[in-house]
Every structure is written in structure tokens, then in C-alpha cells.
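A.B. asks: For the protein sequence lines, the chains are A and B, in the order given. Under this note's numbering, the first residue of the first sequence is numbered 1, with each subsequent residue one higher. Under this note's numbering, the first residue of the second sequence is numbered 522, with each subsequent residue one higher.
Please keep in mind that the hints were generated in silico from the structure rather than gathered at the bench. Given the structure is predicted, the values throughout are model-derived calculations rather than measurements. Worth double-checking, as some hints may not be accurate.
[What the hints assert, rightly or not] Taking lysine to any residue and the SDA-like style, the derived pairs with C-alpha atoms no more than 20 angstroms apart in a straight line are: (1) A/K12 to B/V980; (2) A/K49 to A/S129; (3) A/K12 to B/D841; (4) B/K538 to A/L161; (5) A/K12 to B/R868; (6) A/K12 to B/D875; (7) B/K1026 to B/V980; (8) B/K538 to A/K300; (9) A/K357 to A/Y406; (10) A/K12 to B/M843; (11) B/K878 to B/P890; (12) A/K12 to B/R721; (13) B/K821 to B/R721; (14) B/K533 to A/L161; (15) B/K538 to B/T788; (16) A/K318 to B/D875; (17) A/K300 to B/R721.
[What the hints assert, rightly or not] One side of the interface only, derived from the structure: several residues of chain B facing chain A at Cβ under 8 angstroms: (18) M522; (19) L523; (20) H530; (21) K533; (22) M627; (23) I710; (24) V713; (25) K821; (26) A863; (27) G864; (28) M935; (29) G939.
Just so you know, even glycine gets a beta-carbon here, dropped at the ideal spot from N, CA and C.
2 protein chains.
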Amino acid sequence: MLLRDILSHAVKLYPDKPALADGDGTFTYRQADERVRRLAAGLLNLGLKPGDHIAILANNSHRYWETYFVADIAGLPLAPLNIRLAAHELEFILNDGEIKALLLGMEFLEIYQQFREKTPGIEHVILMSGETRDGFVDYERLIAESDPLQGSVREWSEDDLLNLCYTGGTTGLPKGVMLSQRNVVSNAIHAVVTFGFSDRDTWLHVAPMFHLADAWACYAITMVGGTHSFVSAFTPQGTLEAIERHRVTKTILVPTMINFLVNFPGTAKYNTTSLDLILFGASPMSTDRLLAAVRVFGPKFCQAYGMTETSPLLTGMKLDWMCYDGNENDMRRLSSCGRQVAGVDVRVVNEGGDDVKPGEVGEIIARGPNVMKGYWKRPKETAEALQGGYMHTGDVATIDQENFIYIVDRAKDMIISGGENVYSVEVENALYEHPAVLEVAVIGVPDANWGEAVLAVVVPKEGANITEHELIEHCHGLIAGYKCPKSVIFQDTPLPKSGPGKILKTELRKPYWEGRERKVN
Amino acid sequence: MLLRDILSHAVKLYPDKPALADGDGTFTYRQADERVRRLAAGLLNLGLKPGDHIAILANNSHRYWETYFVADIAGLPLAPLNIRLAAHELEFILNDGEIKALLLGMEFLEIYQQFREKTPGIEHVILMSGETRDGFVDYERLIAESDPLQGSVREWSEDDLLNLCYTGGTTGLPKGVMLSQRNVVSNAIHAVVTFGFSDRDTWLHVAPMFHLADAWACYAITMVGGTHSFVSAFTPQGTLEAIERHRVTKTILVPTMINFLVNFPGTAKYNTTSLDLILFGASPMSTDRLLAAVRVFGPKFCQAYGMTETSPLLTGMKLDWMCYDGNENDMRRLSSCGRQVAGVDVRVVNEGGDDVKPGEVGEIIARGPNVMKGYWKRPKETAEALQGGYMHTGDVATIDQENFIYIVDRAKDMIISGGENVYSVEVENALYEHPAVLEVAVIGVPDANWGEAVLAVVVPKEGANITEHELIEHCHGLIAGYKCPKSVIFQDTPLPKSGPGKILKTELRKPYWEGRERKVN
């Protein structure tokens, strides 16, 4: 099955049903399909050739959904770009990913001007606003002026690259995760079988659509002929309005969003009873906060766990498995990220590669048709990640007698702040570029709003004169804002190290996490 | 995904949940898995080699379910045999299919004795009763005395032959439909996505499990961790008792069974409220009879359509699409077999291969990962059936604006009587073996109980003296009872023929079908 088959099935069964509900505009599946085919023709008319790479940098909208399907219909593998990256990070990705055309949300015009000169490979920039500007192609005009592309411009194989999704890398440079048609279609199937989506569902795309944590629902909800609704960028009010207006039944949120909704004074004024499932994931959420959310929205929350490299779903809870008034074991289960989704083999293994016993700690590894082809142009890192045919997630977990999985730590040195992955090494590299820094370690510390906040422990060079503010500002010039330290601690003794000289971050974290579990997914 | 992955997923998520509920016995998924692995080891210990073909001839039971999974675990492709066939038909299949071992229900011991001498390739016969007999292997003893097979004895590819399912052939000889791992696993996925099965479901296997019309549910219900319950052979009382006892939620019935249940005087005494979906298919059912069934069981009926060659599902109705108090169009839709299931491309095409317009008549063709590998040792018939990458069903249908499909006739000369396919040519061949028959045509005529009944129109040789009873008896010696004519009409004028000399069965059928539509699936 290809992505196009998902769309054509929905068009065949639900031609006149709302596919996309965005603000005041609604498109039926027939109309959405026609827009996709017109846009595909328009992009090819610009001179793009099937197989060329394109990218999108935009907030959520029905156009984002369209772009995901255009990748298949026009034969143009798509890189969805993290909207929070700094200009020079985007520059790196656009060059590394050999991007020929960029679909650009109006809200990113300014950042685009910063890297424009440094991305000479980009031949076309398509503005998604419906506004015409010199030097840019207008998305809506492409649609209006092109005849729908019929048939196939490219012989797709299920193993061909469809999406190139950049994630932060432990080496400090973003890596392009290569996802094939089979990867994303399989994940959609796994999701439908596991969560039981149907044509009665309306999904709210409010988590950023560049991230697979939400993007997979573009495919899964279309597969069953459900309706998609959109919030361009999260605000509590915008989200609640959309839920009420479109009678949203299901969505995925990051815990930070859930916190905002729970604490928003107007929440009770909105009718959110249509919701029957709120998935959450991508960052830690304590049982206390979960219970607070349940008091506001009802027992509709289920944790899911995955990663870009696995398209993304690996595990999920089900409502039937969430027991709120049970014994200690049941209460503990509320913090589980669930069990393997159908179609994926998820294991927790020790260093020898054997399954751990219940309660023991090990690394999560996974095998299935959803596991990436590899990292773009990085054969060595690909081979490492996919040893023995399993994706090695680097996430550390326990598993219980009934195969519920509990994430306890991340082997990869990563902080999750507000749902975003921050690789410590990237932040450390930025700090090391400051002449006053002798040694630095970046760790995550508990934060009520963001799950974790980025903290830098810095040993300054002898005689250097430097302030916290100065170092944070220095970082802002180099990396995305969400990656910059929220605070900096100075010390003049060397950082604690292991025998072979590796900085012992566990030691540094200890005072901040005393009495808490750093439970993360 | 392989069949074993479906089972191991269920064992991982639902180890202690009832998998199989059969009479008084219940096995959890862990226990069922262990039984399958013990049986697999036992079969291999007999001397069977991975890749050898095995067959099963038995009524429904949890052991039938086990045998389907053993095929994968032991690496032994399985031929499930039609329990209604005559001895010499079974003989043909067992030899043609190169069967090395036969799993035999006690109830088929007598018929086995009839073909025993003529099937020398069968090295082992496993009696499924739990009874020990000289010359036979005991199924339960194999399980009790073998250690569970761990790991893999065979490197399966998704395209390897898993099931060899014989169907009647238009040439008069049964053909072995080769289904691969991919075929049956894909069909299970299509079913779950389309019908929304979940771990809350309990399925009743009451339609014969040798037939894919029910067998696919062995895979689909296991995929979601549901429970399987069994009725060994249909009776109204046995079926109703099982529904009440096991709180059955879903099943598939042939219309003949539905008629029996509707007319059974004791039906109202049983609690059948747990049922939420009754699929039906495999033979015609008028809207009047459907409405009668709805009055007894509620609006829980949905027609499905498929064939062995497509593992089997091609189309299905959904409860939401069944409108009982609507306009003429809605009422007409009650007779539809639904729309293509997710994952399959189903089209109705004219002789040029183009999609027909709504209301026009054409042949149903289908493409998808569920379409068979081909017919065993019949490359010519395989190539014909799979022209252009589509399975040519031979079934004639119309399709409406919203892609609902209505089957109107079968291009292949076939009668469906009580859910069983009767190929006219087989019956005609049997009749032609009688010395008194000059010319014969076999057709289906309306029958309140069986949907259609088999009628033979015979032109006797000049001076021949022959009775209806004699001809029917003659057939009983040659073909399965359900294929034998229910009645014979004699005429002494030649049968009506087309220009090229083809018998015009439409002419012969006309008086019987006057004022009715021969609507069949």
C-alpha cells in the first residue's frame, strides 16, 4: 500500500464528507484530493522532477496535510522542518537534505531571509499564505492555475524515501531520518488497529505538524475516512474553540499543552464532551498532573511512546487499561507508556541483548515495518542504530509481567523540554564556542511547565569574567531558543568524571532530582 | 508481518486472557500458544519436514484454530478441506495438493476409510478427537508428549505459500488457491481497519472453518486480542446457546443459517444482546429476509463479499451505512455488499477494462496484497485470473455514485446453495457419465431455504428410459451431496443455444426467476 492508496480509498468511500476543517474553510475528500493533485501538477510545472526533495516550514493548517500527500502524488520526497530551529540550523538541513523547493508559511518569511543567501540549492519558494510576493510562488495560485495531476508520474516502490525528518543528533548535527512509504503506511495501520479509529472520528492537529508525534495522524485518520481539524499554533483558547466547534473526538497533545489547558481559567466554558481519546507523549508527565487533567477532561488520557526513527509509534496505552481507583499496581500503571502497538515487536533488553526480567532496567529496542530506512548519508550511524535489525532507541525502561513499559531514563544524552528534544551536546557545543568556557555539562532539571528545563553547569577559564545572561545570549545567536539554557551554574572545580574521563551527569543531576523519578518518554 | 507475529503479539499483550472458548474448555493466549508450539513440535517429530503440505478435514473446534497457526510455527503449509466433499473429490485434492499428513476429525473417519487406499502420499493421519486408535496419531497426545517448539524451524518470507484452499473449478476439477503469509495477514488488517474489531470482541466460529468466509477471523480476532468461541457444526440451538454462554459480540453467518435462526421457535428464549455485528455473505439474501432477521436480532446485519482467491474480503457494509427507514435509495442500499475494504482496490469494469458508470453492469476486479499467489500447478488459469494485476472475480455487479456495490449475477457458471459454491459444469460432468443423458444444463433456481437449489434440465437419448430419482442417485455416487440436483426436468427438444452453440442458461432460468432478481454474492 502506498500513501496515495490511503487517500484514494477515502475519496472513493467518503467523497462528500469533510476531510479538512480549518477555521471557516472546509474541504471534502474529493475537494482535498483535487487540491493535492493540482498542487502536485503545479510543483512539477515549476520544473521540479520526480525524486527531487522538497521541504515545508510552516505552522499547522490544512495545507500542511495537503503537502504530506503531495509528496507521494508529485513524487517529491518531503522534509518537514522543525519550526523552532534557528536560521543556521535550517540552513544546514536545507543544504544537507538537498532541498530544491521550500513551502513556506508567511510567519517564517523573516527567518527565511536570514538563510536565503546560504541555501543556493533552493530553486523555488512557495508562500503558503495565499498572498502574492515578488520572488515567491503563491501556493493558492499554483492550485488555481494547474490542472489536477492524474495517474502516476513516478513508479513508487514501498521502500522508496517519502519523508526526510531531521532530528537533533548526539553528534551535535541534525540527522535526516529517512522514512519510506512502507514506514509511514505501516505506522498508520498500527495506529488504527491499536487505537480503533473510525470514520466517526475528528482529529485535532494542534501539536506541531512537522513532528511525527502529530503528523502520523494525517495518514491514520485519512485511512479510516475521518475528519481533520487544525489549530495553527497552540493556545489554550484556540484549542478549546476548535474542539467545541469541530466536535473533535481525538487528538494528541504534549504534556505542556495539557498543563496549559488544565490551568486556563476559561476551560470550563467550552464544550469538550465530544473528546473520547487524548493521547499524550513526547515528554514526561507525572501521575499527579495526569490526575489533575482527568479531573478537568475526564478519564480520556493515554500515553503513547515513539520516535521519529520508528514513524513514530512504538507503544500505547488504551483507555481500558487505565484504572484510576485501583490498588498500587493500577496506580503505577497510569505512568506507563503502554504496550507495543500491533505490528511492532518492542523489547526491553540488557547489554547482552536478552530480554530483561520484569522490573529490571534495560534499553528499548524495536523491530517492524515502521523502522526507518536509515539516516540520510550517514551509513555508520545507521548501522549503529539498526544493529541486529532492531532500532536501538537509547531509551531506558522497565517492563512488567504484563508487558507494560515504563520509561525511566534516556541513554542518549537528551533533555525533553516542552515536548522538544534537546540534545545536550548541541548546547554544549554552542557554549564551548564562547572563549570564557573551560568545561561545560548541560543537563535537564525538573520544571513544572516544561517537564524539564535546560541547565548548564560551567567551569569558566581562569581569570575569565562572564555572566549567566551573557552565556545565554551567546547561545541564542547559535541555536534554537528552546535549546538555550534557562539557567547557568558556575563552579570553579572540575566537573565530576568517570574513569575514562566521561562527565558523570548523573552526579550533576542528583541534587535537582532528589526524591523524584526522572520518568520520561 | 507473519502469522506468528499476530499470535505472539496477542500472547505478549493478553497472556492470561481467554483466547479459545470451546464448550467447557477455555485456553488463555499463553496456553493456546503453548499448545500450538507443542503440536508443531509433535508434527515435526513424526518426520514431517518444514515445507511439507498438511491438510485438515474436521468440524469447527479450538483445534481448528490451533491448526491454522501451526502451519506457520511448524512451517507446514495447510490445506483446509471442504467437509462436504465426496470421497473421490477429497482423494483428488489430497493427491493434487501433495499432502503428507492429514488432521482428521473423528466425524470424518468413515469417509477417510473410503479414500485411504488411494492417497498413498499421506504418511500420517492425526485424529483430532483425543481418542487413540491403531494406525492413527492422537492430536492430544502429540501435544502432551512434545516440548513446545521455540524459535523458527523455517525462514518464512511473506510471499511463501501458507494455505492451499481448494475451490470448485469451472473446468470441473477443484483448483488449489495458493495464499501466502502476506495474503492472509493483509486480509486480517483490512478486516480490523474496516470493521473496527477490538480486544472487547468475542467471535463465534459457526460457519465452517475450512472456508475462508469464517477462517479469516482466526487471524483478525487474534490480531486484536479478542476471544474465539466455537460451534462444531451449525444448529440453531447450539448457535444460540454459544452466543448466550460466551457473550458473543460478532460473527459471520451464511443466509441459510440466518433463516434457520429466524424461524427457530426457541430463539427468543436466548439472550443474544451481546451481539453487535452479524456479517453475512457467500450467498443471496433478499431484503425481505434481511428485514425479518432485523426484527429478531436488531439492526446488526452487514453484508460482506469476497472469495477464496482474495483471502477473502473485498467489500463490506458498515452498520452506519444501513438505513432501515429511509427513502427508496436507502432501502435499495440494504441489498448492497458494501464498499471496498481498506487496503483493496475494487472496481467494476466493462469488457474494455474501464470503470462502468453508476448503474451500469460490469465485472468486479480487485487488486491488493490479499490477492492470491495463483492456482497450484495451474499457470494458465492463474494468468487468466490475474490479468493486468487484478483478480478477475467473474462476478457481475453494478456500482452506485457512492461506490456501493450490488452483485447482480455471476459470470462464472456457478450456483450458490446454502452458502456453498456449486459449479454447474461439475454437476453436468457427473450427469453426462450416465449412459441415458444426451444433453444437460444445470442451473440455480430460487429456494426459500438454500437461496438457490440445483436443477438439471436433461434431454435423454432417444429411446432411453430414465427417472429423476435414478439420475440424482447416479450423481450421489460421484459428487458431494450438496452439488447433486434437487430436481430434474426432462425435455425432448434440444436445449436453447447461442450462435456459437453455447447453451443459453439465461433462457432456461427465465421461467423460474420471473419477477425476481437473481441477486447473489
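A.B. asks: Hinted pair, alpha-carbon criterion (20 angstroms max): A/K357, A/Y406. Please report holds or violated.
C.D. replies: With a Cα-Cα distance of about 13 angstroms, the restraint between A/K357 and A/Y406 holds, given a limit of 20 angstroms.
A.B. asks: Within a Cα-Cα threshold of 20 angstroms, do A/K12 and B/R721 meet the stated pairing?
C.D. replies: With Cα atoms ~30 angstroms apart, A/K12 and B/R721 exceed 20 angstroms; violated.
A.B. asks: Hinted pair, alpha-carbon criterion (20 angstroms max): B/K538, A/L161. Please report holds or violated.
C.D. replies: 40 angstroms, violated
A.B. asks: Check whether the Cα positions of A/K12 and B/R868 lie no farther apart than 20 angstroms.
C.D. replies: Answer holds: A/K12 to B/R868 is near 11 angstroms, not above 20 angstroms.
A.B. asks: Are the Cα atoms of B/K538 and A/K300 separated by 20 angstroms or less?
C.D. replies: 24 angstroms, violated
A.B. asks: Checking one constraint from the list: CA of A/K49 to CA of A/S129, max 20 angstroms. Satisfied?
C.D. replies: It is violated: about 24 angstroms lies between the C-alpha atoms, which goes past 20 angstroms.
A.B. asks: With chain A as the partner, please determine if B/M935 meets the hint condition of a C-beta pair closer than 8 angstroms.
C.D. replies: 28 angstroms, violated
A.B. asks: Take a quick look at whether B/K538 and B/T788 sit within 20 angstroms of each other, Cα to Cα.
C.D. replies: 30 angstroms, violated
A.B. asks: Is the straight-line distance between the alpha-carbon of A/K318 and that of B/D875 20 angstroms or less?
C.D. replies: Roughly 45 angstroms between the alpha carbons, so the hint for A/K318 and B/D875 is violated.
A.B. asks: Does B/D875 sit within 20 angstroms of A/K12, going by the straight-line distance between their CA atoms?
C.D. replies: 16 angstroms, holds
A.B. asks: Within 20 angstroms, alpha carbon to alpha carbon, are B/K821 and B/R721?
C.D. replies: Roughly 17 angstroms between the alpha carbons, so the hint for B/K821 and B/R721 holds.
A.B. asks: Is it true that the CA of A/K12 sits at most 20 angstroms from the CA of B/V980?
C.D. replies: 49 angstroms, violated
In summary, the numbered hints that this structure violates are 1, 2, 4, 8, 11, 12, 14, 15, 16, 19, 22, 25, 28 and 29.
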